[in-house]
Amino acid sequence: MTTTTAVRAAARVVGAVKVYGGGDTAVHALDGVDVAFPEGRFTAIMGPSGSGKSTLMHCAAGLDTLTSGAAYVGDTELGSLDDRRLTLLRRDRIGFVFQAFNLVPTLTVAENITLPLDLAGGRGDPEWIDALVDVVGLRDRLRHRPCELSGGQQQRVAVARAFAGRPEVVFADEPTGNLDSRSGAEVLGLLGDAVRRTGRTVVMVTHDPVAAAHADEVVFLADGRLVDRMQSPTADTVLDRMKAFEVRS
Amino acid sequence: MNASVRLSLSSLRAHRRRFAGTFVAVFLGVAFLAGTLVMGDTLRASFDSMFGEATSGTDAVVRGADAITTPGEAQGIRQPVPTSLVNAIERVPGVAAAAPNIQGAGQLVGADGEPIGGQGPPTLAGNWITDPKLNSYRLAEGRAPARSGEVVVNRGAAKKGGLKIGDTTVLRTPDPVKVTIVGLATFGGEDGMAQVTFTGMTRADAEKYLTAKPGEAAGILVRAGPGVGQQELVHRLTPVLPKGVEAITGQESAQENTDMISSQFLTVFTTFLLVFSGVAMLVATFSIHNTFAIVVAQRTRENALLRALGASRRQVSASALAEASVVAVAASAAGLAGGIGIAAGLQALFPAIGFPFPDGDLVIKTLSMALPLVVGVVVCLGSALLPAVRAGRTAPLAALRETAVDASGASRGRAVIGAGLGALAVALALTGVLVSPSVWPAGLGALLALVSFVILGPVAATTAVRLLGGPLDRLRGVSGALARRNALRSPRRTAATASALMIGVAVVSLFTVFGASLKATMDQTVSRSFAGDLAVSNPSFGAGGSGLSPRLAPAIQRLPEVDTAVGLGRGVAEVDGRGRALTVTDPAALARTFDLGTVQGSLARLGTDGIAITRTEADRLHLHTGDTARLAFTDGKKEDFTVRAVYGRSELAGDYVITRAAWAPHRIQDSDTLVAVTLKSGVSADAGRAAVTKVAAEYGNPQVQTRDDYARSSAGGIDMMLTLVYALLALAVLIALLGIANTLTLALHERTRELGLLRAVGQTRAQLRAMVRWESVLVAAFGTTGGLGLGAFLGWVLVKASDGASDTAFAFAVPPARLAVVALVGLAAGALAGLRPARRAARLDVLRAIAME
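Protein sequence lines, in the order shown, are assigned to chains C and Y. Just so we're aligned, residue 22 is where the first sequence starts under this note's numbering, counting upward by one. Just so we're aligned, residue 155 is where the second sequence starts under this note's numbering, counting upward by one.
Excised from the complex, chain C in its bound form (with noise of 0.2 Å):
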């Protein structure tokens, strides 16, 4: 392909169709989706529950597969990857915060952060990782496990651990689902301050205006269908643009 943009996508999706069940009862859930996630942005994804917002995310990080269309990560196609290159590439190249459940119980804090490199079998770039530690202010928790830790601590591990193995893109799905607002907001600003301060890349789905607002770019998403994206956005807009769409469904 060639890049003509000024900036390099971290990864896109190309007439994404995603189609569950079949014949009467086939849903479409992404109906025909070209989007690209530019590199060094925070991108967020929002729609009304059942937009496919959430499929198009998984997807394109490889952890659903296409109906017909094409998912990117970098330069490389996602539908060309058996589930051993898949997972390879989920390790090194992409970060994940889910909404709950994002930490295995038995592992320490500090070994949750470095689990993708321990699953690869190297030892990442210390420095990065102690610096991470101190971002996500959490040195004094290294030590304890995920069930001694506040709902909004554990999330800032799992952002943590997104980062830690320096990866192009970061995938976010509804990363404060599960928060106060308060907790909520530090994770967000968290977020950002990664894409802002060290030029990485995320991705985050969430139906909550508030976070949206942190994003640099909203995509908004309807029926499967891109229908609209938004450069810096407020809550308030991002609001008013959601209320839109309901009053037109």
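Just so you know, the hints here were simulated from the structure itself, not pulled from any lab data. Idealized CB from N, CA, C, for every residue including glycine. Be careful, since some hints might not be right.
If you want the footprint, here are the derived chain C segments under chain Y, 3+ residues with CB under 8 Å [stated by the list, open to error]:
{"id": "1", "stretch": "35–43"}
{"id": "2", "stretch": "105–113"}
{"id": "3", "stretch": "121–129"}
{"id": "4", "stretch": "133–147"}
Based on these hints, arrange chain Y on the given structure of chain C.
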């Protein structure tokens, strides 16, 4: 329908997979138990019918009235009856026919030069009774023996030895007799009486080779004429019989024979199997308990919700128990069917391996169905009882709590009770070993040790898994570390899973250690008391084999290489009212080839009225050298012997020694069990052995072994027993493995979301499989280590207690190679058990796993 029952049924339907392991464990245990019982009854019935059919033509048996039974023998040795009595019996009114029944030991040599049988069942030879109704064998092919050297053999023996009509072979009686097979016979419609081999000779040959004196027979078989009943026949016979000879009915005789087989073979056989099905059931109890405990734990939220909605404790418990009873009844019922299937399968299999098993219906008694059913249901319900009670105790609030990592199990109370019991167990065992040697306190201590191990399991699990898993972190990286942490998650669960395997491995190692100790004991016995260079013997086991020709020892003695060759024969007599085995030999030579310990008096001149006795027997009978002992022989004669020597060591020489001359008047069939040879100085063992082997070849080719080989081969039967024990214990180990696999599957189900997460952040399928497998191996390693330790300790206690409690000195031996194999098998089994759960876990859909609530 009751609400509890409805709940449990719907839950069973929803979680069929969870109970698969429980079902299989109960099924296997019940099937094994039922199969054993049904097979035992069927075998018993078929032996009954076989004997009934074979001896239906015999209405009365005339035989010696008194039998001398030595310890360890089921059937006594009777005084022979004179064959001349046949004529007198035939003259009794109502007697249609009478025939002498001459019987002795006779081992056939097969087409390959190897003896047939001899490993357990008797190898018999006798006269071919010409009256077909009196003969319990039927001619199936060929003809009856007519000339000297012609024989009929039972078809089973012929098949086994690759012999056919017209073949010439050797019959060891024990003197080798050249025989030609002219006919094949059947017994009760089968190829033989179980594995017993029979060779029928002409009456003249039988008298010549099988009895000490011509004109003697083991008994006389009598057939009644029309209209005379068996009882009536006995009444008519009795007046013509001399003193010391009795008549019994044919039915009584058949009953005695079947009883003997039952007590000697079937009862031992079925008891043996029952013990092992007991072990299997015990192991099953642990895996069943574990499954229910996990299922209840997994259902905490559900049960809490029920409690919050108003279900009583009793209702929740009852619903859990109802679930268990459905599984119990279904699995036990299936097990009964399986047991019948096993018995039927064995019935089909036995003839294929040359063991006659009469056709006919399986004998299925109520007891053999009721007992396994009850055992299966009780084991299953009993195992589910505690978890069910725990389910009832669920607090309604638990519905709202997140179930955290279960740290229970390692409580202080448990540690204290377990340690206390363990100390008591060791104390009891040591008392039984050291203070007052006895097997009972030692056995009780052993049992308590097992219980304390089970109680201490959860306490020990944490440390043990940490220790055993230590190397994993370094060797297997993060997969190993995760495996170790997972095994540590619930110490109680890990311990319960491992306990099942621990018991299995403990029993295996107990037998291994005990077997090795027995072997060492035999080895020690031979090397301590056998002072000769070579041993000549016919390897046999149980009642089989025919021993050695008494003419072999003198023949070997004539060799220029040989210093002394002494044959040991066997006689029986009653001493002080009890049957005793006598060693019949040349006592002077015996003293030269065996180390008899301290000898008081001399064995050199026992003569025909002297006897040598071991110290222990002499002490028991309060005899000293110069005293007189009265011996009663099978021929009814009583003779006084002067004690001329008392010796210390009896292991190979036996407790009583008399000369051949003293035994000659009372002898039955002559045979030696062992010929001990000392070589002249300067003759190498190889040269001596070659010379002796050459001579032995003319006497039926018995085995000639050096002292060391002889010591080793005396323990050969033990390996055979051990193999059988291992095969039977495989069932218990299998059940334990199913338990590990089942626990693992359930645990993985609990961790679905975590597995999804691991896969999402980059754990490959191979890494996930390794993680699960290693967890399984760790649990197995814990169980195996505990089992090895416990088994070795129990083995030590058992050996030491037997050593102290009996006269025989028991040696204790730990076979490191064998135990290492046991350990490796345990670990490999763990890896095997983890295979399926690992595969299933690896197939997990990542997205669905993460999304699972």
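Evaluated hints:
1. 35–43: violated (count 0)
2. 105–113: holds (count 6)
3. 121–129: holds (count 7)
4. 133–147: holds (count 6)
When held up to the earlier numbered hints, the structure conflicts with hint 1 and nothing else.
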